[in-house]
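S.K.: Sequences are here, hints too, so could you generate the full structure?
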Amino acid sequence: MADLRGRLGARLRQFRRARRLTQEELAERAGLSYKFVGEVERGLGNPTLTTLAALSEALGVGLVDLLALETGRPRLSPRQASQVREAIASIETLVEWAAPTEGPRKAERSKSGKVKK
Numbered sequence: 000m001a002d003l004r005g006r007l008g009a010r011l012r013q014f015r016r017a018r019r020l021t022q023e024e025l026a027e028r029a030g031l032s033y034k035f036v037g038e039v040e041r042g043l044g045n046p047t048l049t050t051l052a053a054l055s056e057a058l059g060v061g062l063v064d065l066l067a068l069e070t071g072r073p074r075l076s077p078r079q080a081s082q083v084r085e086a087i088a089s090i091e092t093l094v095e096w097a098a099p100t101e102g103p104r105k106a107e108r109s110k111s112g113k114v115k116k
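Each residue of the sequence shown is one higher than the one before, starting from 0 at the first, in numbering that gives the first Met the number 0.
If you are wondering where the hints come from, they were derived from the structure by calculation, not from laboratory data. One or more of the hints may lead you astray.
[Claimed, not checked] Have a look at the derived ranges for each label pair, beta carbon to beta carbon:
1. Ala88 <-> Glu23: 41 to 51 Å
2. Asn45 <-> Arg18: 19 to 29 Å
3. Arg19 <-> Ala97: 49 to 59 Å
4. Glu23 <-> Gln82: 39 to 49 Å
5. Thr92 <-> Tyr33: 51 to 61 Å
6. Ala97 <-> Arg74: 28 to 38 Å
7. Thr21 <-> Leu93: 52 to 62 Å
8. Asn45 <-> Ala86: 41 to 51 Å
9. Thr21 <-> Ala97: 55 to 65 Å
10. Phe35 <-> Val63: 21 to 31 Å
11. Gly30 <-> Ala86: 43 to 53 Å
12. Gln79 <-> Ala9: 22 to 32 Å
13. Asn45 <-> Arg16: 18 to 28 Å
Ideal Cβ placement from N, Cα and C applies to all residues, glycine included.
M.R.: Set out below in structure tokens:
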């Protein structure tokens, strides 16, 4: 559980620093004490869901984004994720067309197994 709090704290600090806010400024915006914000960032505080919502709103990020803790895998941007989905769909289509006994070209195959042109 301490590891989870530590990762959440690091994420909170990352967002705060990206917005060039001090702990005091973030605390004021979220209606919290700066000491508690510091504890959360160091993984010592145990914020409630209401507190996390106040922090995410004060940072101008969605609660889901604040809670999206790193899992060791690189995260894709929405554009990259779309490109990956398109590439997978293209590969699936190629596999269907290349399959020797399945797919749209099945009817075009001769008894010898070669594609008729």
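S.K.: Against this structure, judge whether each hint is valid.
M.R.: For each hint, the structure was consulted:
A beta carbon spacing of about 49 Å between Ala88 and Glu23 agrees with the range 41 to 51 Å that was offered as a hint. For the pair Asn45 and Arg18, the beta carbons lie near 24 Å from each other, so the given range of 19 to 29 Å is met. Between Arg19 and Ala97, the C-beta spacing of about 53 Å keeps the proposed range 49 to 59 Å intact. Separation of Glu23 from Gln82 is about 41 Å and conforms to the stated range, judged on CB atoms against 39 to 49 Å.
The supplied range of 51 to 61 Å is met by Thr92 and Tyr33, whose beta-carbon atoms lie about 56 Å from each other. Distance hint for Ala97 and Arg74: a CB-CB separation of about 32 Å, consistent with the stated range 28 to 38 Å. In this structure the supplied range 52 to 62 Å holds for Thr21 paired with Leu93, their Cβ-Cβ distance being about 54 Å. Distance hint check for Asn45 and Ala86: the Cβ-Cβ separation is about 42 Å, which falls inside the suggested range of 41 to 51 Å.
Against the hinted window of 55 to 65 Å, the Cβ-Cβ separation of Thr21 and Ala97 comes to about 59 Å, which satisfies the hint. Look at Phe35 against Val63: about 22 Å separates their beta carbons, and that is inside 21 to 31 Å. Against the hinted window of 43 to 53 Å, the Cβ-Cβ separation of Gly30 and Ala86 comes to about 45 Å, which satisfies the hint. Between Gln79 and Ala9 the beta carbons are some 23 Å apart, a value that agrees with the proposed interval 22 to 32 Å.
The supplied range of 18 to 28 Å is met by Asn45 and Arg16, whose beta-carbon atoms lie about 22 Å from each other.
Violation of the numbered hints given earlier is absent; every hint is satisfied by the structure.
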